[in-house]
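Peer 1: What follows is the residue order along each chain.
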Amino acid sequence: MTGTAIACRGLVKHYGDVVAVDGLDLEVRRGECFGMLGPNGAGKTTTIEIIQGLLRPDAGSVEILGATWDRDERALRERLGTQLQETKLPDKLEVEEVLVLFRSFYRDGHAVADVLRQVGLYDKRRSWVVKLSGGQRQRLAVACALVCRPDVLFLDEPTTGLDPQSRRQLWDVISEFRRQGGTILLTTHYMEEAERLCDRVAVVDGGRIITQGSPRELITSLGAEHVVEFALADGVGLGRADLAALPGVEQVHDADGKIRLTVSHIHQTVPALMHVLAERGAMLSELTTHHATLEDVFLALTGRHLRDE
Amino acid sequence: MSERPGHPLVHLTAWRIREFTREPEALFWVFVFPVLLAFALGLAFKNRAVQVVAVAVERGSGAADLMQALDAAAGVAPVLVDSSEARNRLRTGRVALVVRPGEPVVFVYDSTRQESYVARLVVDQAIQRAAGVEPRRAVVDRRVTEKGARYIDFLLPGLIGMGIMGTGMWGVGFGIVKTRNQKLLKRLIASPMRRSEFMLSFVLSRLFFLVLEVGSLLAFGALVFGVPFRGSLLAVAVISVLGAMTFAGLGLLVASRSRTIEGVSGLMNVVMVPMWICSGVFFAYSNFPEPMQPFLQALPLTALNDALRAVILDGTGLAATVGFLGILAAWGVGSFGVALKVFRWQ
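Chains as they are written, first to last, in this note's numbering: chain A, 1 to 309; chain B, 1001 to 1346.
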């Protein structure tokens, strides 16, 4: 299917003096998985809640599947599946009871048992929610979003706080929905998640989209595919200009006593770097290299890391 | 594709009922506690023997004569003490009246204490009798033990009313605030669930518990204390249902804005405590001053208690309680309407 699933223009939302969303435009195509990647407080949750008609924007417009919240609220709600951040499902209901409750709100949808199998909770269907692990609860939350057989699925940080195995299980569920032609809008502050799941990513910071494109495009936009990171043992000064002059170096970034070089031809850069260091008598205390990621894109654009760790 | 598994209202109501029956503490407060309370109060006031009032006689000339006169009288337990000790006992409530010998004899007491006033009358009569004043006409005491006229008979419908109010407001109020607190309310309104059905499910689940709640107290009263049931069961059912819906509506209103359990608990108490005292649960509201009566009678719990007493104790038909039911309905419709308007869904 082609066409636009979600279109937002000029979204603005203030909380008192704080600007949460600052003139944000967004377009999600039908059948794609679109990710909003950004640090905590970037305005991702506010944006996704405005798009879902749960918050009213101070300015701007939202159109989903050609409909608007003012005119078509009930019809729209039938077609959207949602998982919100921090929702606690009822502790003392059984897994199946929760899903039946949510299924009953919708005219059309999947059979509850099928969805339970799909998210791997069928064997847990008689357990109380309170007895589930964090990963199982999150899969139940996603099951509640899927049970209405939505056209568009909204996921707000679906895997935050989960262990790697639970995260991978959820990724499989989400990928399967995408494979069957569903449209997904998700927020995350995990770059692996965005790279793994999303066809296109918008990098969000300070309530605005600072860049967007496919993960590959964004990484390519750095102009180089590799990152060399190093630190020096005795603080010998090494000028930015010296580093920028090394072969294959596209960008030099200096923070917290670490120097990051974004490089296009790592096989040329590293020997040259070693040579310069030997000349100056500088000792390395650390040296790593990796393929450039969305994290590096974010760092290059904002000078900050996605997560404050 | 699959069929919808039933009406959302059914599943929402089932959720409310399960949430409650899977919480053993809540079951205790709703079903066991009122019965224990009725039992304790019923025992405390059950056919109590004639009250004996404690009085203090101050030492001094003439005290011995007074002591003799009071010892001979029924219903008085006199002690002979120093004047400072007598004052002390009066202040701490251990005696109802201090008698100071002399001419005239002085009664020291607090006229707002009912038992002090009784003590004054009894002591006065004993002293007059010792002085040779004889009553002119003979009287005979006959204590009331007839069913329907005892304190427990008065109390039981009041406890039923109080229970309907308490469980209605706590059940609805806590349920709403908990749902809001856990962001579950936001998740629900992201679905096509109808908001009115969500609210209605609280009211409907109340009706389910009501049968058990009212039934257990009525059965307990009848079996243990022989409280009579003179009216029709149908009338009690109608009144209870209306009462439950009214207080579910008030519970919705109280919980309509609160974000925390602490906040809603405070508001609940502001609404309920005055009615526990003023609406004739434990004692008749006619004890309050006359100018307050119209206000007290306009309270929903007063109307509920009056209607229940009229039907249970006096066998009044439903038609005669229509005034009370009108007051209840007005509170219910009003609070439900306002709650829908001001409700905080986020």
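Just so you know, these hints were derived from the structure itself, not from any lab. Just so you know, not all the hints are guaranteed correct.
[Said to hold, decoys possible] Here are the simulated lysine to aspartate or glutamate pairs, EDC-like style, with alpha carbons at most 16 Å apart: (1) A:K92 - B:D1110; (2) B:K1178 - B:E1023; (3) B:K1147 - B:E1023; (4) A:K88 - B:D1314; (5) B:K1183 - A:E86; (6) A:K92 - B:D1314; (7) B:K1178 - B:E1019; (8) A:K131 - A:E97; (9) A:K131 - A:E78; (10) A:K92 - B:D1071; (11) B:K1183 - A:D91; (12) A:K124 - A:E86; (13) A:K131 - A:E96; (14) B:K1178 - A:D234; (15) A:K258 - A:E279; (16) B:K1178 - A:E96.
[As the list claims (entries may be wrong)] The calculated label-pair distances, taken between Cβ atoms and stated as ranges, are: (17) A:R74 - B:L1036: 56 to 64 Å; (18) A:D58 - B:R1344: 37 to 45 Å; (19) A:G23 - B:G1334: 43 to 51 Å; (20) A:P164 - B:L1207: 30 to 38 Å; (21) B:R1022 - A:K258: 48 to 56 Å.
For every residue, glycine included, the Cβ atom is placed at its ideal position computed from N, Cα and C.
Peer 1: Hint by hint, say whether it matches the structure.
Peer 2: So, going through the hints one by one against the coordinates:
1. A:K92 - B:D1110: Distance of about 56 Å is beyond 16 Å: violated.
2. B:K1178 - B:E1023: holds (14 Å)
3. B:K1147 - B:E1023: Not satisfied, since the Cα-Cα distance of roughly 37 Å exceeds 16 Å.
4. A:K88 - B:D1314: Since the Cα atoms of A:K88 and B:D1314 sit roughly 50 Å apart, the hinted pair is violated (cutoff 16 Å).
5. B:K1183 - A:E86: Holds - the C-alpha atoms of A:E86 and B:K1183 are around 7 Å apart, at most 16 Å.
6. A:K92 - B:D1314: Roughly 44 Å between the alpha carbons, so the hint for A:K92 and B:D1314 is violated.
7. B:K1178 - B:E1019: holds (11 Å)
8. A:K131 - A:E97: Between A:K131 and A:E97 the Cα gap is close to 14 Å, so the pair holds against 16 Å.
9. A:K131 - A:E78: Outside the cut-off at roughly 30 Å; violated.
10. A:K92 - B:D1071: Distance ~66 Å between A:K92 and B:D1071 Cα, so the pair is violated.
11. B:K1183 - A:D91: With Cα atoms ~13 Å apart, B:K1183 and A:D91 stay inside 16 Å; holds.
12. A:K124 - A:E86: violated (22 Å)
13. A:K131 - A:E96: The given pair, whose Cα atoms are some 13 Å apart, holds under the 16 Å limit.
14. B:K1178 - A:D234: violated (57 Å)
15. A:K258 - A:E279: The hint is violated at about 20 Å.
16. B:K1178 - A:E96: Judged against 16 Å, a Cα distance of about 21 Å means the pair is violated.
17. A:R74 - B:L1036: 56 to 64 Å: The hinted range 56 to 64 Å is violated for A:R74 and B:L1036, with Cβ atoms some 48 Å apart.
18. A:D58 - B:R1344: 37 to 45 Å: Violated: the Cβ-Cβ distance is about 19 Å, outside 37 to 45 Å.
19. A:G23 - B:G1334: 43 to 51 Å: Since the Cβ atoms of A:G23 and B:G1334 sit about 44 Å apart, the hinted range of 43 to 51 Å holds.
20. A:P164 - B:L1207: 30 to 38 Å: Since the Cβ atoms of A:P164 and B:L1207 sit about 49 Å apart, the hinted range of 30 to 38 Å is violated.
21. B:R1022 - A:K258: 48 to 56 Å: holds (54 Å)
Consistency note: the structure conflicts with the earlier hints numbered 1, 3, 4, 6, 9, 10, 12, 14, 15, 16, 17, 18, 20.
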